[in-house]
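Below, each chain spelled out in residue letters.
Number of protein chains: 2
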Amino acid sequence: MEGSQLIRARRSIRNYQSGVKIPQEQIQQMLEAAMMAPSAMNSRPWEFVVVESEQVKEQLMEVHPYCKMLKTASLAIVVCGRPDLQASWGGQFWPQDCGAAIENLLLQALELGYGSCWCGCYPVMERVEKIQNVLSIESIPVGIVAIGVPNEHPEARGYFDPQRVKYL
Amino acid sequence: MEGSQLIRARRSIRNYQSGVKIPQEQIQQMLEAAMMAPSAMNSRPWEFVVVESEQVKEQLMEVHPYCKMLKTASLAIVVCGRPDLQASWGGQFWPQDCGAAIENLLLQALELGYGSCWCGCYPVMERVEKIQNVLSIESIPVGIVAIGVPNEHPEARGYFDPQRVKYL
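Here the protein sequences come in this chain order: B and X.
According to this note's numbering, the first sequence is numbered sequentially starting from 1.
According to this note's numbering, the second sequence is numbered sequentially starting from 1001.
The following block holds chain B by itself, in its conformation from the complex (with noise of 0.2 angstroms):
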C-alpha cells in the first residue's frame, strides 16, 4: 500500500485471530522497520523483545493493566529503550526516538496484513520494572506491541485539526 494511505488506514486493533502464527521473516520484516527509524545522532537506542510464549504474554497480561488484546494475538514485540547509548553525549531522546521506531513497526505490520496496537510503558515506573522483571531485561520498555490477524475492522479515521496548527 502506498506510504499516505498506510499512515491513514492504520488503527489500534484490539482483537485478533487466535492461534495465528507469523513467520519468522515477516517478524524480521517488522523489526527492520523498526530499526530504520531515525534517531538522535543516529544512536539507534533500542531493543527489542519477540514475545510468542503464551506463558510470557499471560505475564505481560498481569503486569500490565491495558494489554489484554495480547491473549488473541499472535506475538507481542517489546520496544525498549537503551538510554546508555546516548550516554556518552548526554542525549535523552530515547522515547521518542523509540516512538518513531514503534510507528514504523506499525505501519510495517499494517502492509503484511497484520493488526496492532501500541500499549504504552514507560514512564510509568511500576509498569516498567514489572516488565522487565518478565522479560529479564535491563533496556527500558516504551511500548508493548501486540500484533496479529484483526479479527476486527475500524474504519479509518480522520483527525487532522487546523486548530492545532499556527503558520509564521
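Treat the hints with care, since some could be wrong.
Just the calculated beta-carbon pair ranges, DEER-fashion [what the hints assert, rightly or not]:
1) B:Ala9 / X:Phe1160: 20 to 26 angstroms
2) B:Asn151 / X:Ala1087: 32 to 38 angstroms
3) B:Glu52 / X:Ser1136: 49 to 55 angstroms
4) B:Glu25 / X:Glu1058: 47 to 53 angstroms
Because the hints were derived from the structure by calculation, they are not lab data.
Ideal placement from N, C-alpha and C gives every residue a C-beta, glycine not left out.
Starting from the known structure of chain B, arrange chain X on it as the hints suggest.
Just chain X now, kept in the frame of chain B:
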C-alpha cells in the same frame, strides 16, 4: 511509494534546493499524516508550528545549535507536545507520541518528494525555552523538522541488527 519501501528509503537530508515554495495542500498532507499517528488514550497531545518566515527560521537557527540546514529548507514544521492533554489521567506519554507523529510526517514528506531532517529539542530545556520564545508558544517543542527539495541524495542504509533482538 509502498510503505515498506518508504520506511527504508528515508534518510536525513541537510542540504536543500533553496527558494522552493511548498504548496499549502502538501503542507496540510504532512500535518494530516502527523496527526494520524496513534497516541495514548487517543489524546493527540500535539500541535504544530509551520515556519516559512525567513526571519523566524533565522531565529530558530540561532537558538538551536544543530538546525543550520534550515538555511536552505523550504520550511520547518515544529512538532510540539501538549502535556495538558494527558494531564487529566496522569499520562506522560506525549514525547513518544510526538515521536510517532514526527515519523509519519517524515514519511509523508518523502512520499511527496521532499527530504527532511528531525532536530531534537525536548528534553534539552534551555533549547525548549528559547524556541518557545521565538514561536510564542506554551507547548513543548519536541522536534524541529526541516523540509525541502533534497540537494543531496545519500543512499538508503540498513540497520537491522539481530543482536538487538531477544526471542521469548
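Honestly, which of those hints from before does the structure not fit? Failing hints: none at all.
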